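Colleague: Here is how the chains run, residue by residue.
2 protein chains.
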Amino acid sequence: MDIKKMLQSDHVKPYISKARYGIEKEGQRVDLSGDLATTDHPEKISINDENPYIQRDFSETQMELITPVTDSLEELFSYLSAIHEVAYRSMDENEMLWPLSMPPSLPKKEEDIIIAKLTSADNVLYRRHLATTYGRRKQMISGIHFNFQFGDELIEALFKSQSETNDYKQFKSDIYMKTTRNYLKHQWLITYLFGATPSSEENFFEENSVNEPVRSIRNSKNGYTNDEDVQVSFISLQTYIADISSMVHKGLLIEEKEFYSAVRLRGGQQVSDLEDDGVKYIELRNIDLNPFETYGISYEQAEFLHLFLLYSLWKDEGANCDESMNVGESNNEIVALEHPLEPTQFKQEAEHILDELESLVTTLHLTVSEELFVNLREMLIDPSKTLAGRLYSESKKSSQGQVATSIAKENYDKSWDKPYQLTGFTDMELSTQNLMFDAIQHGIQVDILDRHDQFLKLQLNDHVEFVKNGNMTSKDSYISTLIMENKTVTKKILHQHGFRVPGGEEFNNIEQAMRSYELFSSKPFVVKPKSTNYGLGISIFKEGASFEDYQKALTIAFKEDSSVLIEEFLNGTEYRFFVLNDKTLAILSRIPANVKGDGTLTIEQLVNQKNQDPLRGLDHRTPLETIQLGELEVLMLKGQGYELDSIPKKDAIIYLRENSNVSTGGDSIDVTDLISEDYKKIAVDAVSALGAKISGIDLIIEDLKVPAATENAYGIIEANFNPSMYMHAYPYQGKSRRLTLNVLHYLFPELLQNQE
Amino acid sequence: MDIKKMLQSDHVKPYISKARYGIEKEGQRVDLSGDLATTDHPEKISINDENPYIQRDFSETQMELITPVTDSLEELFSYLSAIHEVAYRSMDENEMLWPLSMPPSLPKKEEDIIIAKLTSADNVLYRRHLATTYGRRKQMISGIHFNFQFGDELIEALFKSQSETNDYKQFKSDIYMKTTRNYLKHQWLITYLFGATPSSEENFFEENSVNEPVRSIRNSKNGYTNDEDVQVSFISLQTYIADISSMVHKGLLIEEKEFYSAVRLRGGQQVSDLEDDGVKYIELRNIDLNPFETYGISYEQAEFLHLFLLYSLWKDEGANCDESMNVGESNNEIVALEHPLEPTQFKQEAEHILDELESLVTTLHLTVSEELFVNLREMLIDPSKTLAGRLYSESKKSSQGQVATSIAKENYDKSWDKPYQLTGFTDMELSTQNLMFDAIQHGIQVDILDRHDQFLKLQLNDHVEFVKNGNMTSKDSYISTLIMENKTVTKKILHQHGFRVPGGEEFNNIEQAMRSYELFSSKPFVVKPKSTNYGLGISIFKEGASFEDYQKALTIAFKEDSSVLIEEFLNGTEYRFFVLNDKTLAILSRIPANVKGDGTLTIEQLVNQKNQDPLRGLDHRTPLETIQLGELEVLMLKGQGYELDSIPKKDAIIYLRENSNVSTGGDSIDVTDLISEDYKKIAVDAVSALGAKISGIDLIIEDLKVPAATENAYGIIEANFNPSMYMHAYPYQGKSRRLTLNVLHYLFPELLQNQE
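Protein chains in written order, with the working numbering: chain A, 1 to 756; chain B, 1001 to 1756.
What the hints contain is simulated information worked out from the structure, not anything from laboratory work. One thing to keep in mind: the hints can contain errors.
Straight-line Cα separation of at most 30 Å, DSSO-like style, residue types lysine-lysine; simulated pairs [what the hints assert, rightly or not]:
#1 1552(B) with 18(A)
#2 650(A) with 610(A)
#3 18(A) with 1492(B)
If you're wondering where the values come from, they're calculated on a predicted model, not measured in any experiment.
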C-alpha cells in the first residue's frame, strides 16, 4: 500500500485537509494572588458531574474545559474561548485559572489537596485509587488533550484509491496505527517545541528530588507516567487491545483510562469497543499548557499538530516499529530533561523533520499560516523561543509563580472585559451569544446548525430544542409569528379582542396614500412600513404635517416595504413589555437616539463622541447601537431647527429620531419594577390574544398612575415575534434582566426541577 | 341641526363616503330547462341551517346567499360572486339559479311547493305560518336585501360637528330615521329604475287576476306586502318600535321579521334591541333581482343606492312626515303598476331628484362611476332602458321564461368556467381561493384580515383559526418552519435522524465557492440558493461541469441568496410528498418545463403556444405556470445544442429547465396511488423529524420497485413549509387531491364529527 501515492491522487486531494478536532484543557483554579483556590467548584455551573463543557478533573480545584467536536480549527477555538469565558464568569469574582501545566504551590499536607467532590461513587473511588497510586501532587498536573480525527471523506477516498483490502474498518484502524506510531516516534519534537513545564512550584516534589529547569517535567518520567511494567505495543490494534487488557488483568492499570501514553487510541467508551468498531480518532496527551495563550494552546500549535499527524501518516516507517518507538520514547525523555535554554541534541533530526514537513506542504498543496515555518525554525535555532525557554527566561526576572499569576490576571481581565459577549462568537447576534453562554453554563449541549443564521440545536439528555435568533422556538406557533409580523392583522385581532390600538389605514401604493392626505393632515399621526422591524422608515407627526412632509415620509416608508400604514399617533411614553409564557418579565422605556449639548461641539461631533462608547456598535453585537446620521435623522433635526453642524447649548438634549428603538441608537432604561400589575396583565392578555408565547409588545401609556382599565389609558402599537433580549440584559440604565435564561428555563423546565 | 352644513364641514369631509355593506340575495334553484328543482338543498353545503353564507329561505328550492359585512363595494361584490360560485359548484351539475325575482312556473298544487326542510322546529313553524297567511306562491318571490350602515367615523364626525345633543345613540338613530323616511318617500324612483318583475310565470296568480306587464309586481300590492291594517310609523324610532310591538301584540304580525316594509331598521336580533342599542344599520328590501347581472345586482346599482341614501340624509323633509311617506308609498304603487315601456307619470320629479343627486355629488366631492348619471338619465328618458323595460322587451321575442332560462344558463356556464378559482378573489393565491371556497361551503366564516398577504381568519362557532397562504397555521411551530426554510439545517437534522440526504457544502461568498471547484467538478452536482423557493436560481450538472459553467451557475444562484449550497446530485425521479398531520395525502411527479416539437415551429413559438393554455398563468393564480424564456432556460437549451429559434423535430421533447417545479413552468402528474406505503412512511417520518405538521417534502427515488429500506433507495432534497396545494388539486395529469379541504378538516376536526 503506497500511502504517499494515495495521498497525492486526484480523488484524495480535495479532502486532504478534512479533519475533526476536540480539545480538553485542564487548569487549576487559583485566587487573585495565584494561590490554589479553597472554594468548591462554582455553583453556577449546573448539573454537576455531567456538564459536557465544564467538569472537574482530579481535584475540586482542577477545572476541565471540554470543547465539542468541530470540523474546523476556527470553530474549535471559538468554542474553547466561549467555554473559558463561561468558566471565568461562573467562578467567584476573585478567582482565575492558573495558566501552567505545573500546579501552583501546593498545600504542605498532601491530604489538603481536595479530591473532586463528585456525586458518582465510582468517580470518587477512581480518584482515590489515583491518589494512592501516584500521589495527589502528581495528579494536580494539568495539560491539553488534543483529539484528532481524519475526515471520513479523506479516509473513504484513500480506501477507494487502493485495492489491497476491502475491510474498511481495518483499513481505517491501520491508518491511525501508522499515524500513532510515527507520532510517538517523533514526539520528542513536540516536547522540544511546546514543552512548557520547566520548573515546579512549592510542595510539588520532595525538596531537591529533581534537577530543574528542564523542558518539560510533565513529559518526562517525573511527570505523569505509568509504572515501568506497563508496556503496551502499538504494532497493531490487536496487540494494543491485548496489552491493555493484560495490564488491567494484572492489576497494573485499574482501567484503560489510567494508561498514560502520549497517544491514546479512541473507539467507544471501552477498550473493547475498539475491537468492535476500530479506531475512530486519536487523543494526543503530551501537550503542556501554553502559558502565553489565554486558552492554553495557540491556533498555530493546533495547525502544526494537524500537519504533524498528516506527516505521521505519510512518512515511511522503518522495519522494527516497536524498537523505533522505544527509541522515540527515550529520545523524548532526553529532550524533556534538557535545559530549556540549551539547544537540543536532536537539532539536526528536528531540522530534517521540518524540511520534510515543509516539502509535504508543497507536495500535497496544503495551506498553513504564513509564519508557521519561520517560527518553528526560529524555535529550533534559538531555544529561548520555545515555550519552556520563554517561560524560564521570563521567570528569572521574578519567579515562575509571579509570571504565571500575572498572566492569569491578564486572562482574567480579558474574560471580564466584555461580559455581554462570547469572544469566539462575536459574529453572531448578542442574544444568541447570551443564550449560548447560559446553555454552556447549564450543561446544555449547543450545536450550531447554522452560524450565519443564528440557528442552534440545544440538547439536554434526550430532550432536543431548536432555537433561532435566541428566541424563535418550538413554543410559538407559525401563525402567531405571522400575525405579529403583519401589523394590520395584529391590530385587527387586538381590536377584536377589545384592546385599544391606534386607528389607521393601510396603503399598497404611494398614490393611494397621497390621496388620503386629508384623512390625517390635521391630526397627530405616524407613517410606518407595514412589515419591517427596528423602527426603520418610520416618521412621526405630532401636530399634523404639510403635504410635502407627508409625501416625504411616505417615500421613506415605501422604501422599506410595499405596504405602508398611516396611524393615529398616541400621546404618551412607549414601553416595551417582554412577555414569555404568559408572564411579563421585563419592561423597558426607550429614549430616542439623542445627544446632550456641551456648548462647544456640533451635533455631528456629539454623536461621534457618544458612539465611542464600547457598548455601542452595529447589528446587535453590542448592547447599544451606534447613532446614525442618515436622511431621517437630518429630517428630524430640521424639524427642530438644527443642522448637523449646529452647536447645541450646554445640557440641551437633542433628539435625532422620533422612534425610540435601541436599534436606531436609542437608550434603554429598565422600568420593570415601576409599572403596575394591571399594565403587565394587559401585555400578557394581548400576547395571548395573538396566540403567542414569546413576544415584545409595545404599549403607549400616557400616565402610569392611571389604572390600565381607564378608557384610553394605553394603546398597543405592535407586537414583535423576535424581540431583542440583550437590551433588557444590558440596559443603558436600570436593572439587568437575563431573559435568555428565562427562555432556556422555558424550553427546558427540567432545569428548574433539578434545582429543587 | 343643519345637516347640510354638517355634511360639508372639513371634519366630516374625509369620512363622507365611509360605509359598510351587506347583501342577501334569494333565488330559486331550477333545472337546466328552467323548471323548479325537485331536489333537496345541496348536501355539499354543510351545517344545514347555520351556514352563514348559503341558506334556504321559504322553500327548499329557494337559496339565500348572504355576504358578510364589508367596508367597500369591491369586497362586497367579491364575496357575492364567491358565494354564488360555491353555491353553483355545490348544486347538482344540472341545476342553476333562476335569475328573476318572480319564480319560474310553479306546481299546480300549492302543496307541491316544498317548505324548506330545516332542522329547527321554530323555523319550520314560522314558514308554515307564512304559507297560511300569504300563500306559498307569494313566498316564492325572491329579491335582494341591501344592508347599509354609515361609517362609524362619519357618524362620529357628524356628532362632533353639532352641539344640540350629546346623546350619541339617539343622534345616530335620528340620522337613520331621517334617511329612512326620505328613502321611503322616494322609493318609487328605485322601483322605476330597478323594478324588474313585469310579468309572472305560470301558476303564480290565479288566471287573469292581475294586469301584466307592469314595472314591478314584487313592489306592488300584488307582491310581498302585509295586511293593510299593518301600519308602522317611521316618525321616530320610538313610534316604530311601539307600532311593531302593537302589531305583534294584535296578532297582525307573528314577529318583526314579518314586517315587509321597503326599509327595515336593524339593531340587534329583536326589535327590543333597537330600543337598547338604537339603529345600527338599515336594510333596503325593495330591490328586485337584476336579471341581467350574474349576481342579481350591479355595482352601479349599489353605488346608486349608497348615493341615494346619502341624499336621503341630506335632503330637507317637509313638515308632515307621515303624510309625505304615505304619498311616497302610494306613488310607489302607481309606478310599480305602470307599463314597463311607458314613461312614468313622475318623470319630472324624477328628473329633479337626479339633478339634486348630481349636484350633491359636486357639493360633497363624491366619486361615482363616470357613466352613472348618463345611464340613469337614459333610463328616465327611455323606459325600455329600465330593467323592467329591458326584460319585457326581451321577453316579447320569445317568452320571459325562455329569456330567464337562457340567462341562467349563461350564469351557470360562467360559474363552471374556471372551477379552480373564485372570480372575486383572483388577485389572491389559488390555494387561498380554494381554501375560501371550502370554508364557505362548510359554513366556516371567512374574514380576510389582509387580502394582499393572503391572511384569513376562519371561525366556526367559538373556534377561531388563522391561516396564511392556505397552509400556514397554528398547527406548525415557528421553529419547524424556520428549520424547513434553512436547507442546511434541514439536511443536518434529517441526516442526524438517519435519513439519506445529499452531501454538500454551504458557501457564503462566491470566491470561497470557486475555490472548492475541485470538490465537485467531476461528480454530478447541483448548485442552489440556500433559502429561496420555487426552484429559482438552481443549476444541475449531471456529469460534472467546466469551471466556466460552474462559475456561471454560482453567479445565478448568488443572485437569489447570499448563501448557496452545492450538493451531490442524486439520480432518480423527484417526487413531492404532501404530508399533513403524519399522513402522506398526495404525491406528485413533476416534469420540468418542456415543449414537444412539431417539425415546424421554433422553440420560442412552441413555448408561446403551450402558454396559451388558460390553465397556465402567473404567480399561482392558475393551476399551471407560464413557461419562461429567461437566462436559465437559454442556458439549458444551449446545453442541449438548441437556441430559441431552433426548430425541434416532430415529437421531440425539449426541456427548458432542469428543475421540475410547477412554478417554473413544469407539468404536474399525480402519482399518489402508484407509490408504496414504505416511501410514504419515509416522508411522514422525515417531516416528523423536522417537527412539522404540514410540509411538502421532496424525495428522489431511483426505482419505485426497490423497497425504501434499501440503501440509497431514496434521498431527501428539501422540505417546504409552504407547499403549494393547488398543483395537487389541479394536476396536469392524474387524480385531483383537494388538500385545502384536508387542511380545513385538520384545523376544524369538529367538521368531521358533525358528519358522523
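Colleague: Please go over all the hints and tell whether each is borne out by the structure.
Modeller: Evaluation of the provided hints:
| no. | hint | in the structure |
| --- | --- | --- |
| 1 | 1552(B) with 18(A) | holds (27 Å) |
| 2 | 650(A) with 610(A) | holds (15 Å) |
| 3 | 18(A) with 1492(B) | holds (18 Å) |
The earlier numbered hints are all upheld by this structure, with none contradicted.
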